[in-house]
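Engineer: Respectively, the protein sequence lines represent chains A and F.
Position 11, counted from 1, in the first sequence is what my numbering calls 11; the numbers after and before it change by one each time, with no gaps.
Position 14, counted from 1, in the second sequence is what my numbering calls 14; the numbers after and before it change by one each time, with no gaps.
Please note: incorrect hints may appear among the correct ones.
[Said to hold, decoys possible] Straight-line distance between alpha carbons at most 25 Å, and here's what the computed PhoX-like set of lysine-lysine pairs gives: (1) A:K71 / A:K22; (2) A:K185 / A:K122; (3) F:K95 / F:K105; (4) A:K9 / A:K22; (5) A:K104 / F:K165; (6) A:K233 / A:K71; (7) A:K71 / F:K165; (8) F:K105 / F:K179; (9) F:K237 / A:K104.
Source of the hints: derived by calculation from the structure; they are not laboratory data.
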Amino acid sequence: MAEPMLQLKGIHKRFGNLEVLKGVDLDVAKGEVICILGPSGSGKSTLLRCVNLLEPPEEGEIFLEGRDICKGPGSGTGEQSWNLDYVRQRVGMVFQQFNLFPHKTALQNVSLAPQTVLGRSKAEAEEKGRALLERVGLGDRLGQYPETLSGGQQQRVAIARALAMEPHVMLFDEVTSALDPELVKEVLDTMRELAGEGMTMLVVTHEMGFAKEVGDRVVFMDGGVVVEQGDPKQVLDSPREERTQRFLGLVLER
Amino acid sequence: MSVFFEQYFDFHIMGEHFWEVFDAFLQNLLIFVVAGIVALAWGLLLAVVRQTPGRKTGVLRFITIAYIDLLRAIPLLVIILIISGGVPFLTFIPKGIRIPEWFGKPDPFWYGVAALVFVYGAYMAEVYRAGIEAVPRGQMEAARSLGMSHLQAMRYIVVPQAVTKIPAPMLNELISLLKDTTLVSFIAFAESTLVSREILAEQLNSSALILTAFFFLVICLPGARLVDFLIRRNQAKVTRGAHIEVG
Ligand SMILES: Nc1ncnc2c1ncn2[C@@H]1O[C@H](COP(=O)(O)OP(=O)(O)OP(=O)(O)O)[C@@H](O)[C@H]1O
Ligand SMILES: [Mg+2]
Chain A
1 MAEPMLQLKG IHKRFGNLEV LKGVDLDVAK GEVICILGPS GSGKSTLLRC
51 VNLLEPPEEG EIFLEGRDIC KGPGSGTGEQ SWNLDYVRQR VGMVFQQFNL
101 FPHKTALQNV SLAPQTVLGR SKAEAEEKGR ALLERVGLGD RLGQYPETLS
151 GGQQQRVAIA RALAMEPHVM LFDEVTSALD PELVKEVLDT MRELAGEGMT
201 MLVVTHEMGF AKEVGDRVVF MDGGVVVEQG DPKQVLDSPR EERTQRFLGL
251 VLER
Chain F
1 MSVFFEQYFD FHIMGEHFWE VFDAFLQNLL IFVVAGIVAL AWGLLLAVVR
51 QTPGRKTGVL RFITIAYIDL LRAIPLLVII LIISGGVPFL TFIPKGIRIP
101 EWFGKPDPFW YGVAALVFVY GAYMAEVYRA GIEAVPRGQM EAARSLGMSH
151 LQAMRYIVVP QAVTKIPAPM LNELISLLKD TTLVSFIAFA ESTLVSREIL
201 AEQLNSSALI LTAFFFLVIC LPGARLVDFL IRRNQAKVTR GAHIEVG
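Only chain F is shown next, with the shape it has when bound in the complex (with noise of 0.2 Å):
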């Protein structure tokens, strides 16, 4: 037994590289922050534009309607080889963009962050559409009436109810989302679970992999009680709107 406690939870092992793989989760944060702030806007965007009425947007409807599913059914860790391994050599796009080194990050930052963007805003989208398609059909026929655009009233009206049908949903996605950020790794950017994959094969000792397993824990977990909680509260807000709408 002591041989699994010496591979697993060697303390003298954590304690050498706690900081080394703490700076390393930050990393991991950082990407979950930029990718997850992004993801939103994007995801945001991609569910409105799928709701637009009338023949004139068939096309972009369509086409959003498609990258949606698309990127849905292809495994991230694919999307992620397939940026960082090919836009680099896309030279017609301008060095700055094909190879970016923004703030101070290295690029594959950035291929892992348009991943997450990409795959995510997808994901995203859906939760969105759940929550617009939410939202009672008289209220845009109350905002149309009232002579505003379909746009306006989706602005004014129906997202403002739209996001707060959703927060359990959305906040399942981001918990995902940080947890999907240790698959940057493979493009060798230095996060949490690179930095402890080296420490396994120095070392042959999986302790730093635990740390980095404990940090993620220590963030998703409440997150999933949180998700429980909005969850059960939603639940009781509905009862009560019901007794409400009978009382």
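If we strip away everything but chain A, and leave its shape as in the complex, we get (with noise of 0.2 Å):
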């Protein structure tokens, strides 16, 4: 395998009395995209909100380019302070439901966190900002607000938004899932571009095509455990365990 860039052993996290992660081991190598499947409450979104520390695994190590990101002053707390910074500059995360800020415009949404986070002067956060969002697509949008764009293109200047930090990894949790059908496309395609230009992915999603053409290897998960894992066609085509084969039949169902 090349060069590791992420491994996760033995991640297990509850939330009270109920274990949503039960031990998960994943090694993602620098470049790969991992697309993440598995039903409703399987703990995909749990899985990448440990990724970055979001919500801090109880259990486990987690290694972001050789570094133990779970070890540290005050680990577990959610603040282990320099363990965050270190965690947040590499990696990128975008959600399902976009969050946008909403009194920001495109540009801004684009350019705050480079001004605040590494220190920037505006100007240059600005030039930066105005070439990611050309970038996907929308160099003519600058100046709107989030409510004025379409899902599509909001989540497109969410990418941007997570780029602009110029993360090592980028997590997509359901990007398209709150899409009108029309507009999951142009989304797709932004992410198929980024990993054509070598980006680390790991991307929870629904989108089979999307999972076998871009995708290096397909993660299933059940139950709070990774049940199968492999080269996408031979998981998605043909699985293995009885677990996805029942998954994947409801998928297909639908």
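Both chains are sitting in their own frames, so use the hints and assemble them into the complex.
Structural biologist: Structure follows, in structure tokens:
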């Protein structure tokens, strides 16, 4: 395997009495695109949120570019400050509900964090933001507020916003699920381009076509564990595990 | 019936004391402006501290919650009396602070302002909290995932949105605050209520008090209408927003 970008070892996460992740292991190589599938409630979102410490795991180790990000002063409290900086500057996240800042224009959405977090000048951050919005096909929407953009456009702004922090890994949590069908393609195209440029990506998705075409590997999760993983075509077309078969059967029926 | 009108609406007495009562009412407005501005800032600070995450700030959070609960449970007049009747004797406090006479205003003015800030800061903290909690969780998460600290996320993302959600309840607090400036009359500060009570005592006539009531009415009634308007506009926005979401 190529240089490891991310290694998860025995990740456990509980919410009260509910154990959502029950020992997840996952190795992600640099530049790899991993598509994560699984039924609702299987812990896919929680897994992504563990990776950027929005929900720090209670047990297990996460190595990001070789460094264990779960260790350190105050670990487990969600406020391990030096790790948070390390992690959040390397890991970008895009959400199902876009979560754009409604009181900021597209350009301000993209250029705010580089100024406040990285200390870039306004001019520098906006120049970069303009280039990023150009890249996701929104060069003519800089001054518009999120509510005046379509869902697909909002999600592309969200992707540009995450990219502005120059992440090494991008997490996508069902980013096309809230979109009308005709808007899904423009977002998937943006992600496909990103993958083509060598970005390491963890993509929770129900888009089987995308998984087959762009994914280097498909991971199937159920009940808080990884049930099966492998080459996308193998896992999606001829899954070995019964649980995977049942899930894919259900998805195809729809 | 004419007895009633003479007692309450003696235009001769009203005319004679109009400017005296008006000037005193300006003192109410002055207390209101100073206490209002400081309370708005103090309340925001309390609300933000209350919302900090993590164990490290647990004690601070506890103190803040205790403060907010306590000051809302004690009558404002009692607080005014506790401050004005005790602070002047706390000799360990420098005299300039213990008995303040800043900007040419006598110490009762400042005791009144302090009490109003302490109490209304607590009320306003609760209003801010409602606004902060009305901002979707995803906003904080998105800001944090971009590397902002909790405080940066509060400052740039959450609070600017929170304050747009609470103009009506905040205006209600400000209206109450304006009316409660009359309580400073209890510690002998010559605002409109005190002045008109003195006129009542001299002339055994209530017309000056009616004049005072009128001044408050002129300010507070449009304020109440404005609150109503803001609430209705907000409802319209919510309905429109729902259409956008669905459409
Ligand atoms: N903050 C939280 N507090 C309590 N329970 C939570 C929390 N976040 C997630 N859960 C629970 O954890 C379980 C897994 O949630 P998660 O969102 O990771 O599933 P998912 O695989 O992403 O599902 P979906 O496909 O519906 O998004 C669910 O039962 C959910 O209710
Ligand atoms: Mg999910």
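Engineer: None of the hints should be skipped; say for each whether it holds.
Structural biologist: Okay, the hints, checked on the actual structure:
1. For the hint pairing K71 of chain A with K22 of chain A, the CA-to-CA distance comes to about 19 Å; that is within 25 Å, so the pair holds.
2. As the CA atoms of K185 of chain A and K122 of chain A are separated by approximately 33 Å, the hinted pair breaks the 25 Å bound.
3. Restraint check: the Cα-Cα separation between K95 of chain F and K105 of chain F comes to about 15 Å, which is no more than 25 Å; the hinted pair holds.
4. The hinted pair formed by K9 of chain A and K22 of chain A meets the criterion: a straight-line CA distance of about 11 Å does not exceed 25 Å.
5. Among the hinted pairs, K104 of chain A with K165 of chain F is consistent with the structure: their alpha-carbon atoms are about 16 Å apart, no more than 25 Å.
6. Under the criterion of a C-alpha separation no larger than 25 Å, the hint pairing K233 of chain A with K71 of chain A is inconsistent with the structure, at around 37 Å.
7. Taking the CA atoms of K71 of chain A and K165 of chain F, the gap is near 39 Å; set against the 25 Å cutoff, the hint is violated.
8. Distance hint between K105 of chain F and K179 of chain F is fulfilled; the C-alpha atoms sit about 20 Å from each other, no more than 25 Å.
9. Distance restraint check for K237 of chain F and K104 of chain A: the Cα-Cα separation of roughly 18 Å lies within the 25 Å cut-off, and the hinted pair is therefore satisfied.
Against the hints set out earlier in the document, violations occur for numbers 2, 6, 7.
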